[in-house]
Amino acid sequence: MLRSKRIVTGLAMGLASLMAFGTATAFAKDTVAIGTSAPSFTLPSQDASPVSLADYKGKWVVLYFYPKDQTSGCSLEAHNFQRDLPKYEALHAVVLGVSLDTVDSHRVWCTKDSFTFKMLADPAHKVVDAYGVPVKTFQTKDGPMSIAMRDTFLISPSGKIVKEWEVKDIQGHSDEVLAAIQASK
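Residues -28 to -1, 1 to 157 (mature numbering (1 follows the signal peptide of the UniProt record, and there is no 0)) are what the sequence shown spells out, left to right.
No false leads were mixed into what you were given.
Below, in silico cross-link-like pairs of lysine-lysine (BS3-like), each with a Cα-Cα straight-line distance of 27 Å or less:
(1) Lys140 to Lys157
(2) Lys31 to Lys98
(3) Lys40 to Lys59
(4) Lys140 to Lys98
(5) Lys132 to Lys59
(6) Lys140 to Lys84
(7) Lys59 to Lys84
(8) Lys135 to Lys98
(9) Lys140 to Lys108
(10) Lys29 to Lys98
(11) Lys135 to Lys108
(12) Lys157 to Lys132
(13) Lys31 to Lys132
(14) Lys108 to Lys40
(15) Lys135 to Lys59
(16) Lys40 to Lys135
(17) Lys113 to Lys98
(18) Lys113 to Lys40
(19) Lys135 to Lys31
(20) Lys29 to Lys135
The calculated label-pair distances, taken between Cβ atoms and stated as ranges, are:
(21) Asp114 to Thr14: 26 to 32 Å
(22) Arg55 to Lys31: 17 to 23 Å
(23) Ala26 to Pro95: 17 to 23 Å
(24) Glu61 to Lys113: 41 to 47 Å
In short, the hints are calculated from the structure, not lab data.
For glycine and all other residues, C-beta sits at the position ideal for the given N, C-alpha and C.
Build the full structure now, drawing on both the sequences and the hints.
Encoded structure:
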């Protein structure tokens, strides 16, 4: 069911991008299954230091994927996670953002908007692919550009995938994630 939904969503995004930008490709992928071990990873953060999932063993991990630094929807989502950071910390949880942007792009955005949680750079799509996050590629005047679709995974302190959200409601998303952590305790 989830795969069929992702395929339909991917095709719809591709068609919308084709109409808006001239050419587009959207890829629907199988995501990791609820209850399975979260794929391990190491990616650079906004300060270029490596961050691994293993660094947070024993904590809840909110691993959220977003399309692009310094865009309106992504800024709203990140500001909501930043606003709620004390609540996450009280639940022994960390928030990690991931996009296909570069370390430099993350550094500029995190400095400008005072984000204190880790933003991870995945320009090679390694973690995006490992988690099955859909990617949309479209043609711009400067050449092709790829973005990860908005998707969040809640990872338990034991390293298992507890929940996944294909995020539609950016405004209320952080509240949903907090409620899921509280319900899982």
